[in-house]
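**Q** Residue strings, one per chain:
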Amino acid sequence: MTVHAVHGEHPPGFAHQFEEVEQQREAVNLGMWLFLATEIMFFGGLFMGYIVYRSHFPGAFDDGSHLLNIKFGSTNTAVLIASSLTMALAIHSAQVGKKKPQILFLILTMILGALFLFLKFNFEWRADYHEHLIPGFGFRGDPHVQMFFCFYFFMTGLHALHMIVGIGILIVLTIMAARGRFNEHYYAPLENTGLYWHFVDIIWIFLFPLLYLAGGRYPIPGVTH
Amino acid sequence: MSGHVVPVKIYVAVFVSLIFLTALTTAVAYVDMGKFNLVAALAIAVAKMLLVILFFMHVKYSPTLTKVVIVAAFVWLGIMVTLTLSDELTRNWGVKVTGWSMILPHLRGLF
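Protein sequence lines correspond, in order, to chains L and A. Just so you know, we're using this note's numbering here: the first sequence kicks off at 1 and counts up by one. Just so you know, we're using this note's numbering here: the second sequence kicks off at 1 and counts up by one.
I should point out that these hints are in silico values taken from the structure, not numbers from a laboratory. You may find that some hints are simply not true.
[Stated by the list, open to error] Quick list of in silico lysine-lysine cross-link-like pairs, DSSO-like style, CA-CA up to 27 Å:
#	chain 1	residue 1	chain 2	residue 2
1	L	K100	A	K67
2	L	K99	A	K9
3	A	K9	A	K60
4	A	K67	L	K71
5	A	K9	L	K98
6	A	K67	A	K9
7	L	K71	L	K120
8	A	K60	L	K99
9	L	K98	A	K60
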């Protein structure tokens with residue numbers, strides 16, 4: 001047993017099964033990445049389904065993507081990238097031992113995340129509803145376009161669910177940060193939440209081109225949407 | 001001291017690059033390149049993903065073990081996509097004869 005197995009000698013947040021703080025940090029990080037690997041496969045199943053159906057009905061998937069409003073997609077991409085930046089800066093503030101910017105950046109991240117969800121639910125999905133683009137009775141267009149919209153709503157919906165969970169975790173972290181729980185020696189919860197938040201950002205980075213851009217946005221002669 | 005502290009300058013540079021790439025991918029979608037529209041969109045998405053993973057997620061400064069786990073995660077995704085497509089895309093190869101219809105003509109004369 002090493003010396004720091006004795007209680008009272010630990011730095012805050014340091015568990016005594018580890019040799020040193022750096023080893024604990026790397027182990028915690030690795031565990032989070034293992035979880036993210038399962039998340040990659042979780043979303044991967046949906047991406048797989050999208051690839052298969054797109055390969056069967058490329059025309060219908062292009063038609064479907066032309067019905068989406070690119071303004072919402074691109075604005076939300078920018079909002080989410082900005083939230084990733086503020087998340088990274090929140091962790092940076094903890095690493096250099098600053099408390100106030102930590103809280104400020106965490107709150108900014110939550111606001112940007114909420115803005116993304118607000119734009120998506122209140123404007124984009126509402127517009128889709130009014131344009132009869134929700135799969136089911138009254139859907140306009142052919143069944144294969146409807147299939148595209150099944151993927152669209154399920155993938156963006158699952159992504160939105162991940163963001164709601166992320167915002168929930170950020171609320172807890174903000175309270176912890178306000179109580180001074182994180183400093184330059186211990187910020188693992190912040191860092192792991194950061195990994196999760198950036199992962200959700202990466203999912204959107206792929207959803208945006210696959211759903212909004214894949215069909216191309218240039219005018220096709222003789223076809224009006 | 002624990003963990004590598006990435007300077008704020010780098011985070012801001014990555015953020016600016018990501019916004020630029022988002023604008024680029026949106027602009028490129030308005031140019032008719034046929035099948036290459038999809039290729040360009042995905043290539044830009046992969047570039048954006050690498051920026052986020054390497055810098056925002058600190059993987060550039062992570063131990064090799066973590067990097068191996070991340071690469072393995074993508075290899076597994078690759079296995080799923082490759083095996084599924086090797087089935088899906090080759091189903092119509094060869095003559096389409098299924099089940100009993102293959103031997104029925106031969107049985108007809110016997111009964």
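**Q** Hints first: check each against the structure and report whether it holds.
**A** Verification of the hints:
1. K100(L) <-> K67(A): violated, 32 Å
2. K99(L) <-> K9(A): holds, 20 Å
3. K9(A) <-> K60(A): holds, 16 Å
4. K67(A) <-> K71(L): Since the Cα atoms of K67(A) and K71(L) sit roughly 36 Å apart, the hinted pair is violated (cutoff 27 Å).
5. K9(A) <-> K98(L): holds, 17 Å
6. K67(A) <-> K9(A): Cα-Cα ~24 Å, so holds.
7. K71(L) <-> K120(L): Between K71(L) and K120(L) the Cα gap is close to 11 Å, so the pair holds against 27 Å.
8. K60(A) <-> K99(L): Between K60(A) and K99(L) the Cα gap is close to 26 Å, so the pair holds against 27 Å.
9. K98(L) <-> K60(A): Status holds; Cα separation ~24 Å.
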